[in-house]
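*Asks:* Each chain, letter by letter, is given below.
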Amino acid sequence: MSQTHRLKGKLAIAGLGVTPQGKVYDRSHMGFAVDAVRLALLDAGLERSDLDGILLNPGLAWGPAAMGSYNLQQALGLRNVRLSSTMNAGGATAGAMIQHAALAIDAGLCSTVACVFSDRPLKSPEEHTNVKNNGGASSYVFPRGLDAAHGQFGMNAMYAMVARRHMHTYGTTQDHLGAVAVTQRHWATLNSAAQFHDRPITLADYHASRWVVEPFHILDCCLVSNGGVAVIVTKAEHARTLRKPPVYLWGMGQGHPGGDIRETLTSGAALAKATAFPMAGIETTDIDVAELYDCYTFTVLATLEDYGFCPKGESGPFVSDGHTGVGGSLPVNTGGGQLSSSYMWGMTPIAEAIVQARGEAGARQVPKHDVVLASGNGGLLSTHTTLVLSPLPS
Amino acid sequence: MTTTPTPRLGAHGTPTKPLPKIEAAMAPFFAAAQKHRLVVQRCIDCGALRYPARELCSTCLGSTTEWIAVSGRGEIFSYNVMHQVYHPAFAGDVPYAVVIVKLAEGPMMTTSLLDCPLECVRIGAAVEVAFEDLSADVTLPKFRLIDPPEQP
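In the order they appear, the protein sequences are chains A and B. Residues in the first sequence are numbered consecutively from 137, following my numbering. Residues in the second sequence are numbered consecutively from 12, following my numbering.
What the hints contain is simulated information worked out from the structure, not anything from laboratory work. Do not rely on the hints blindly, as some may be mistaken.
To be verified - Quick list of in silico lysine to aspartate or glutamate cross-link-like pairs, EDC-like style, CA-CA up to 16 angstroms:
hint : chain 1 : residue 1 : chain 2 : residue 2
1    : B       : 28        : A       : 283
2    : B       : 32        : B       : 130
3    : B       : 32        : A       : 283
4    : B       : 113       : B       : 139
5    : A       : 371       : A       : 186
6    : B       : 32        : B       : 126
7    : B       : 46        : B       : 161
8    : B       : 113       : A       : 399
9    : A       : 146       : A       : 242
10   : B       : 28        : B       : 144
11   : B       : 46        : B       : 130
12   : B       : 113       : A       : 242
Unchecked claim - Here are the simulated distance ranges between beta carbons:
hint : chain 1 : residue 1 : chain 2 : residue 2 : range
13   : A       : 392       : B       : 65        : 15 to 23 angstroms
14   : A       : 448       : B       : 139       : 46 to 54 angstroms
15   : B       : 35        : A       : 506       : 37 to 45 angstroms
16   : B       : 148       : A       : 392       : 44 to 52 angstroms
17   : B       : 38        : A       : 501       : 57 to 65 angstroms
18   : B       : 71        : A       : 215       : 46 to 54 angstroms
19   : B       : 64        : A       : 464       : 27 to 35 angstroms
Computed from a predicted model, the values in this text were never measured in an experiment. Every residue, glycine too, gets a C-beta built ideally from N, C-alpha and C.
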């Protein structure tokens with residue numbers, strides 16, 4: 137046996153707050169953030185005065201968000217905060233916030249940290265007065281000079297290029313992408329909070345859904361949503377005294393490979409895992425449940441490969457064969473994920489990992505949930521974070 | 012950062028396609044394109060080629076740079092087919108392909124194809140540069156298939 141890592145099980149997640157998600161318009165981005173923290177405090181049985189750290193991942197509606205975490209502190213009425221930062225590594229940020237919180241707590245900088253994401257890209261029908269920006273997915277268009285001149289707009293178009301190359305290189309098919317969408321939608325039908333919980337789909341429905349940018353149908357793309365999520369991190373011994381059973385942080389890591397992802401087709405998962413799994417004292421085969429960042433169906437495929445759940449290039453058959461579905465060998469994105477439940481950047485997989493680790497997932501609960509993986513991914517497979525969570529202290 | 016581009020309006024009030032704003036770092040690229048020459052940056056210190064422009068070389072961090080002509084030949088490395096209209100000036104074009112061309116010399120360019128039906132867009136197809144003059148200042152390097160399909 138290798139020596140247990142000093143940090144394994146020392147820090148824990150004590151609270152989770154998730155606001156209503158999706159086409160909800162009654163709050164601003166700040167309102168969602170404050171409400172998410174309120175809900176996380178209730179979940180943990182903590183008071184505001186117990187929080188002495190605040191980390192914020194601002195969604196698009198925050199704009200540049202200079203001083204974002206301070207503005208959130210003021211909105212929350214928090215005094216004497218000892219750790220505050222606004223962080224952004226795209227969809228990898230949520231995991232990174234929890235990692236930074238854990239390290240700061242372990243170092244004695246602070247004791248209890250709220251990690252917060254919120255966004256409000258969707259506009260209500262009444263707000264659709266400006267046809268030039270109708271919010272929603274168009275918030276992710278990011279027009280850039282030469283790209284826009286050629287008609288290339290947004291993340292959908294960029295990921296489509298990488299997915300197409302993966303199909304060319306490894307023989308991944310449109311059916312394989314569709315299998316991810318159909319499998320996650322099935323999971324969503326077991327999650328009443330999922331936006332598409334009442335709309336199961338078949339592979340035929342997938343193929344019939346409209347194209348956004350080939351090879352992506354609309355059902356390949358995540359559900360851009362309004363809402364907020366907050367996660368409270370504290371020391372394990374503190375968490376054990378609180379309202380909910382602790383979810384222990386066994387291992388964590390990051391991976392930002394650099395270079396040209398379009399050529400490597402490889403996310404930062406392999407690099408992040410090499411840090412996180414030895415810390416957790418696990419191998420890939422020990423993972424019971426995986427909550428994988430799913431901005432697109434394709435992202436799930438690449439991430440499965442890069443964690444080593446299947447060889448590189450074989451993720452399509454792995455998903456089509458049912459491994460990631462209900463009753464499969466590796467349940468993946470058990471709440472429906474960002475494709476079928478709600479897109480909260482990296483908070484969606486982390487929130488579901490917490491719910492599964494606690495055993496609170498109801499109809500979708502995976503029977504064995506001792507080792508739960510949550511991944512974050514930002515940019516074009518550019519940034520990556522890994523969390524290994526468990527209901528067991530070690 | 013959350014707005015779609017404001018369409019420019021043409022003579023009849025219809026939106027026209029966005030022209031790239033010529034930043035200082037890319038000015039030599041556009042100046043060459045006006046003369047129908049395709050150029051990329053070359054680091055004088057280490058010889059690495061780069062596109063799009065960077066001030067310092069990400070291979071060696073050198074800052075002495077020249078722009079060199081490349082063959083204009085390459086192959087389609089990947090592509091997508093845009094169906095959703097993100098800018099009104101492209102409404103009449105959908106579905107259309109955007110391609111990544113890997114130049115024979117190595118750098119990759121996001122670009123588009125002239126005179127290429129969608130069914131002929133495929134990874135590995137050999138292409139060569141073709142220039143589209145859009146305005147007094149902007150000429151856009153696009154690409155054509157070297158072996159175009161037979162016309163029916």
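*Asks:* Please go over all the hints and tell whether each is borne out by the structure.
*Replies:* Verification of the hints:
no.	hint	verdict
1	B:28 - A:283	holds (11 angstroms)
2	B:32 - B:130	violated (32 angstroms)
3	B:32 - A:283	holds (11 angstroms)
4	B:113 - B:139	holds (11 angstroms)
5	A:371 - A:186	holds (13 angstroms)
6	B:32 - B:126	violated (26 angstroms)
7	B:46 - B:161	violated (30 angstroms)
8	B:113 - A:399	holds (10 angstroms)
9	A:146 - A:242	holds (8 angstroms)
10	B:28 - B:144	holds (13 angstroms)
11	B:46 - B:130	violated (31 angstroms)
12	B:113 - A:242	violated (48 angstroms)
13	A:392 - B:65: 15 to 23 angstroms	holds (18 angstroms)
14	A:448 - B:139: 46 to 54 angstroms	violated (33 angstroms)
15	B:35 - A:506: 37 to 45 angstroms	violated (57 angstroms)
16	B:148 - A:392: 44 to 52 angstroms	violated (37 angstroms)
17	B:38 - A:501: 57 to 65 angstroms	holds (59 angstroms)
18	B:71 - A:215: 46 to 54 angstroms	holds (50 angstroms)
19	B:64 - A:464: 27 to 35 angstroms	violated (47 angstroms)
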